[in-house]
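Please build the complete structure, drawing on both the sequences and the hints.
2 protein chains.
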Amino acid sequence: MHVIVVYDVSIERVNDIRKLLKKYLNWVQNSVFEGELTLGQMKELEIDLGKVIDKETDSVIVYSINNAVWIKKKIIGKEKGSTENII
Amino acid sequence: MHVIVVYDVSIERVNDIRKLLKKYLNWVQNSVFEGELTLGQMKELEIDLGKVIDKETDSVIVYSINNAVWIKKKIIGKEKGSTENII
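Chains as they are written, first to last, in the working numbering: chain S, 1 to 87; chain X, 1 to 87.
Some hints could be false.
For identical chains, the list gives no copy identity; a pair is met inside one copy or between any two copies.
[Said to hold, decoys possible] Dumping the calculated DSS-like pairs for lysine-lysine here, alpha-carbon to alpha-carbon at most 30 Å: (1) K22 / K43; (2) K23 / K72; (3) K23 / K43; (4) K74 / K51; (5) K55 / K43; (6) K80 / K23; (7) K43 / K19; (8) K51 / K78; (9) K78 / K55; (10) K19 / K55; (11) K22 / K72; (12) K51 / K22; (13) K51 / K19; (14) K73 / K43; (15) K51 / K23.
The set of hints was computed from the structure by calculation and includes no laboratory data. Bear in mind that the values here come from a model prediction, so they are computed numbers and not experimental data.
Dropping the structure here:
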């Protein structure tokens with residue numbers, strides 16, 4: 001499935017979150033990663049995220065779409081990261 | 001259609017971008033807005049965004065999905081903004 005992850009975490013955890021997300025997904029913008037994951041990988045990622053963040057203050061949103069063709073992506077301005085697997 | 005907008009813009013334009021996005025969408029996290037728009041509204045928003053940003057340095061990504069039920073949303077940690085129209 002196609003997965004988009006956006007995060008809003010305290011500055012001291014940004015590096016850890018980025019390292020974790022890079023293992024699974026492509027960086028697309030400041031605090032946004034996306035890519036294709038199996039259901040198993042997504043569950044793993046969610047568990048790992050739960051270990052890294054402070055649930056009282058940090059927020060991570062995982063959007064998932066079964067079929068990448070269902071989602072359209074338009075970039076206005078500069079393209080900062082990877083756009084693999086999606087138009 | 002269901003729309004998710006993520007932005008990565010220079011600090012001096014953050015307020016203008018937020019004001020613009022608030023006219024169309026709900027704030028969900030730091031630099032993320034989402035909501036339901038008609039195709040006409042989405043085109044208007046894209047034109048307005050193009051006027052506000054510096055296309056050489058800023059980046060705004062507009063994801064759109066025709067049917068909100070095709071996208072699943074999971075929040076890990078704190079829920080910061082609105083989650084209208086989506087589970």
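Now for the hints, and whether the structure bears them out:
For the identical chains of this complex, K22 and K43 are intra-copy neighbours only, at 16 Å inside a copy versus 32 Å across copies, given an alpha-carbon limit of 30 Å. Proximity of K23 to K72 under the C-alpha cut-off of 30 Å is found in both arrangements, the shortest distances being 24 Å within a copy and 22 Å between copies. When the C-alpha separation of K23 and K43 is checked against a cutoff of 30 Å, the pair qualifies only within one copy, where the shortest distance is 14 Å, while the shortest distance between copies is 35 Å. For a Cα distance limit of 30 Å, the shortest separation of K74 from K51 across copies, 16 Å, qualifies, whereas the shortest one inside one copy, 33 Å, does not.
Taking the shortest Cα distances, K55 and K43 sit within 30 Å of each other inside one copy (17 Å), while across copies they are farther apart (36 Å). Taking identical chains as interchangeable, the C-alpha atoms of K80 and K23 lie at most 30 Å apart whether they share a chain (19 Å) or sit on different chains (26 Å). In this assembly of identical chains, K43 and K19 lie within 30 Å of each other by CA distance solely inside one copy; the values are 17 Å within and 35 Å between copies. For the identical chains of this complex, K51 and K78 are inter-copy neighbours only, at 14 Å across copies versus 33 Å inside a copy, given an alpha-carbon limit of 30 Å.
Only between protomers do K78 and K55 lie at most 30 Å apart by alpha-carbon distance; the minimum there is 6 Å, versus 32 Å within a single protomer. Taking the shortest Cα distances, K19 and K55 sit within 30 Å of each other both inside one copy (18 Å) and across copies (28 Å). In this assembly of identical chains, the alpha carbons of K22 and K72 lie at most 30 Å apart whether taken from the same copy (22 Å) or from different copies (21 Å). Within a single copy, K51 and K22 get their C-alpha atoms as close as 16 Å, which meets the 30 Å cut-off; across copies the closest is 32 Å, which misses it.
Taking CA atoms no more than 30 Å apart as the test, K51 paired with K19 passes inside one copy only; the shortest distance there is 13 Å, against 34 Å between copies. Within a single copy, K73 and K43 get their C-alpha atoms as close as 24 Å, and across copies as close as 13 Å, so both meet the 30 Å cut-off. Only within a single protomer do K51 and K23 lie at most 30 Å apart by alpha-carbon distance; the minimum there is 15 Å, versus 36 Å between protomers.
Every hint from the earlier list agrees with this structure, and none is contradicted.
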